[in-house]
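**Q** Sequence:
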Amino acid sequence: MKGRFSTLDIEVMCNELRQSLIGMRVSQIYCIDNKTYLFKVAKSGQQNPSSSDESAKQMLLIESGIRLHTTQYDWPKNSTPNGFTMKLRKHLKNKRIEEITQLGVDRVVDLRFGANEASYHVILELYDRGNIVITDYQYIILNILRPRKLGTDEDVNLVVKERYCIENAKTLKDFKTLVGNDLREVLEKAKDGENLRKELKRVLNPYVFYGTHLLEHSFIEMGLKQDLKLNKSELDLNSIERALELCQKTMNDIKDMSKGFIIQKEEKRIGEPNASVISYLEFHPLLFNQFKDNKDPKQSYVEIESFDKAVDMFFSSIEGQKIDAKALNQEKEAMKKLEKVKTDHKKRIEALNKIQEEDIRKAALIESNNFLVENALLVLRSAIANQLSWEDIQEMIDNARAESDLIASRITSLKLNKNHFTMRLNDPYDESSEAALVDIDIDLSAFANARKYYDRRRTAAIKEQKTVESSAKAYKSAEHKAIKTLKEVAVKTSITKARKILWFEKFLWFISSDNYIVIAGRDAQQNELIVKRYMKANDLYVHADTHGATSVVIKNSNPSLPIPPKTLNEAGEAAICYSAAWEAKTITSAFWVHPNQVSKTAPSGEYLTVGSFMIRGKKNYLPLSHLIMGFGFVFRLDEESTERHRNERKRALSMDMDSISTVTENGSQLEEEVVMSESDSENEGTAFPDTKPKLDIQTKEEPKEENVDSNDENETQTIVKSKEPRIKQTKHKLTKNKKTSKEEKSETNALNVSDKKQLKRGQKSKLKKIKEKYKDQDDEERQLRMAILGHTSAHKDIQNDKNDNKEEENKTNDKTDDKIDMKKEVKDLSKKLNVQHIETELEDKVKDNDEEIILEEEEDDEEAEVTVQQSDDVKIIDTLTGVPLTEDHLLFAIPVCGPYTAINGYKYKVKVMPGSSKRGKAAKTALQLFLREKTASQRERDLLKAVKDLDISKNIPAKVKITALNLNSVKGKK
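Positions 855 to 1828 (this note's numbering) are the ones given, in order, by the sequence shown.
Derived from the structure by calculation, the hints contain no laboratory data.
Hints are supplied without guarantee of correctness; some may be wrong.
Said to hold, decoys possible - Okay, derived cross-link-like pairs now, DSSO-like style, lysine-lysine, Cα gap no bigger than 30 Å in a straight line:
(1) K1201 <-> K1439
(2) K1079 <-> K1146
(3) K1317 <-> K1201
(4) K1190 <-> K1335
Fair warning: this is a prediction, and the values are worked out from it, not measured in the lab.
Using the sequences and the hints, build the whole thing.
**A** Set out below in C-alpha cells:
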C-alpha cells in the first residue's frame, strides 16, 4: 500500500492547493495527533462558520512525512492541544496564506503565511521520518516538531534559532541528463538475468527524480515487456533515452492535469458471496500504463475529479478498510481451520481404506501361495527345533538362496525376535501383478495367517466406520464454530462501522427517568470542561457535600419547562455515589444551583485549582437518598425503530403551576434573597422546583461565597431544614418584588440596546468573564483598586463621587443610612487593600490564566460545534432504548451506569451497591447474567458480546456488589 507522496504527487498537490487556498486566512489550528495538524481556513470577511459557501472555508490537513491535502471529512481532534499546536496558533492565527511552493524537486513544501517581514513559514518535510518547521520571514527556526542536532546520527542542524537552509533543496541542475555514455555508465550497474523493467527502475531511480511509477509507465510506452530478462549486451539505449524524455515531458505537463486516480483491490466476502471488500492500494495524479492494462481481475481503479479529493478519500477510508480487511482475514482464518479439519478427516479415512486393501491382498496372496508358505514354515520350525541360533538360521537361508532354492528365494528377511519372517509373494494367476512383502507368523499355519489378515481388515473397517462418525461430528462442530465466527465477525464489523461515539460518552452519564441527559466528570479536568464548555444557561449544576464528589450537569434541552424533581434527585444520587461516600458507605446531602451561581472567580487572596468552582447564592438541597446505582444496557435504534419508542421516557408534565412560577426566578433575584436581612429571610420559600407543599426540603442561605472543591477534605456545610414550606409568604414575596424585577429588566434592556455594537472576535468571551469576575464590585471599590495600582485619575473620580454622594444625601434623606454604611465599607476595604495584596491577586490571576488558556482558546471556535452537538440531545436519546422490541433493528449496545431509579425500567439491569468486588469482575458477571436471559434475542446477545470489556466497567464505581434475580445460578455455573 502506498502511504507517502512522491515528487510528482507534491507538484500536482501544490498546484491544486494554490488555486483553492491562496488568500484564505487561518481561523484555527487543531491537533489530531503528534504528527497531524488541521488548519481551519476561510476567505477574508467570511470566517462565520454558518456560511453556506463551501469554497469560502476549507480544512487543510498536514501530516509530518506523509501527506498534505484539504479534507471534507470530520477528523477527531484532541480535546487538549499540544505545545506545538499552541505555537502554530501563536504565529499563524488570522494570517493569510500567501504562497504554497515545493522546494526545488525535493519532497518538501513551503507554506508562507502573511506578507513581508510579518510573514511566517511552515515547512513540511514529506520524506524519511518527516518534520514540520515554523520559521520567520528570514527562515530562522522558531519551533520544530522533530529537532535534529548535527552529529553522528544527523547530517543537518535543525534546531531553534538556526536558519533553515532552503538552498540545500535539490533542483533540476543537480540531476544530469542521462544520454549516451552517462546512461551507459549507469546501466553498467545492472545485473544480467534479472527482470528488465524492475532492474532498470532500480538502477535509474537514484539518478532521476521521476519516481518508479513514472519510469515504469514510460518503459511500457516504449514497448518494454514485463517478462523480458535483462541482457546488457542487447540493451536498446535509444528506447531508454526516449523513455526518460517522456518522463520529463510528463513532469512538465502534469501542472495542467487535475484528476486523481485510486487503485483498489476487490475481494469477495467468504460469509456473504454477494458482498465484497474493497481496499485502496495507491493514489496517483495520472493513470499509469501499468494500471490500465492490469491483468489482475481483482484490481481496478477509480477516477476522481481532482487529485486533492482523491488523496482525501484515500486516507479517510483507510480506517474503515482496515476494519473490513481484518474481518476478511478472520473469515479466512476460520475457513482455514474448517478446511484443515476436513483435510485431516479425509486423510484418516484414506489411510484406513489403504490398510484394509493391503490386508485383503496379503490374505489372498497367502491363500494362493499356500504351498510355499507352508514349506517355509516347515523349514524354519525345523531349524528352531534343532536349536540353531538366529545367525545359523540366517546363514542357512542365505546358502539355500545362493543355490537358487525356491523356498529360500521367497524369504526376504527374518524377524525372529517377533517370531515372524517376511516372504515376497505374487499372484500365480496374474503374471503382471507386482509382488508384495507379507509378514508370516511362525506359530500359525498358512490359512491361519490369512485369517489373521482378514480379521485385521474387519477391525479396520469397524475403525473406519467409527472414524467417519467421529470425524463427521468433529467437522460439524468445526463448521458450526466457523459459521459462528463468521457471524460474530460480521456483527462486530457492522457495529464498528455503525458505532459513532456519542459526545457524552467520554463523561460519566446516564439518561434520567424524565428523558434528560445527565453528565458528570471523571476527574478534575473533565469537571472543568463540563462547566466551562458544556453547561448552558438553562441547565442545572448538581454537587454533593463530600470529598471527591464530581460535578454533575443536567442538560435541559427544553428551556420552557423546568427540570422535574425526579431528575434532580437522580442527579444528586449520582453526585453522591461518585464520591468518597461510596467507599465509606455514608449517606450525605447533595444540592443544585443555577449555572449563573457557578463561578471560577476566587475571592481576593485565594486560588481555585482545576475542577474547583465558587458557588454564589443559595444552595437548593435535595432529599437524602440511598447509595444504590444500577448497571444496564441501552441499544441504538435505526430511524424506523425509533418511532416505536418515541414516548418511552415521557417528561413529567403534571406539575403545579405555582411551583413552576417559583422556579422561573432568575439568578439576580436569588442573589437578592441571599443578601437579605435576617427578618426578610423568614419569608423565603423553598427553591426546590415542582415540589408539593408537604415535601420537606432542605435549603440553606449562603450570604458569602463558598468554595466547592472536589478535592477539599475540610469542606463543611450547615444544613438548615424548613419545617413547613411557607407557600403564602413566598407568594407574597414574589408579588412584592415584581415591580423591582420589572424595573431591573427595563434598565438591563436599555443597557443592552446601547451596547449592541458589533464585537470583535474573542471580545464577547472576555467581556463575559470580566462581568462575572467583577459583578459584586461597586464603582468606589473599583476606583480605590485603580488608585492603588497607580492610576492618577482614580482619586479625582472618587472625590467627585463623594461630592455627588453628598448632594444625593441632601436630596434624598431616605437613603442616608445606606450611604453611610457604604462609606464605612469602602473605608474598611481601602484599609485592607494594599499594593502587596493587589500584586498577589494579580499573580494568582496570571496563574489562573495559564491553566485556563487552552480552554479559552478553544471556547470561541468550538462553541458552535458543542452547541450543534447538544441541540441534537433529544434526537440522540430518542434513538436509545433500554427496552428493545423483537421487531426493532438494533445497531449496537451501550453500557450505562446511573441511579437505579433511572435504570429500573431497562430489560437488562442489575442493582449496584457498595461492596468489596472489583468493578471489572462485577461487570463481567452482570454481562453473563444478561446473556443467559431467556427472553433475549440472538441479535441482542450478539450486540452484548461485541461490547469491549473496558467500556463495560469504566462507569461503574470502585468496590461494588451487584444483586439481581438468578444471580446465584450464574455464579454457580462459573
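**Q** For every hint, state whether the structure bears it out.
**A** Quick rundown of the hints versus the structure:
no., hint, verdict
1, K1201 <-> K1439, "65 Å, violated"
2, K1079 <-> K1146, "14 Å, holds"
3, K1317 <-> K1201, "14 Å, holds"
4, K1190 <-> K1335, "12 Å, holds"
The structure is inconsistent with hint 1 alone, although it conforms to all the rest.
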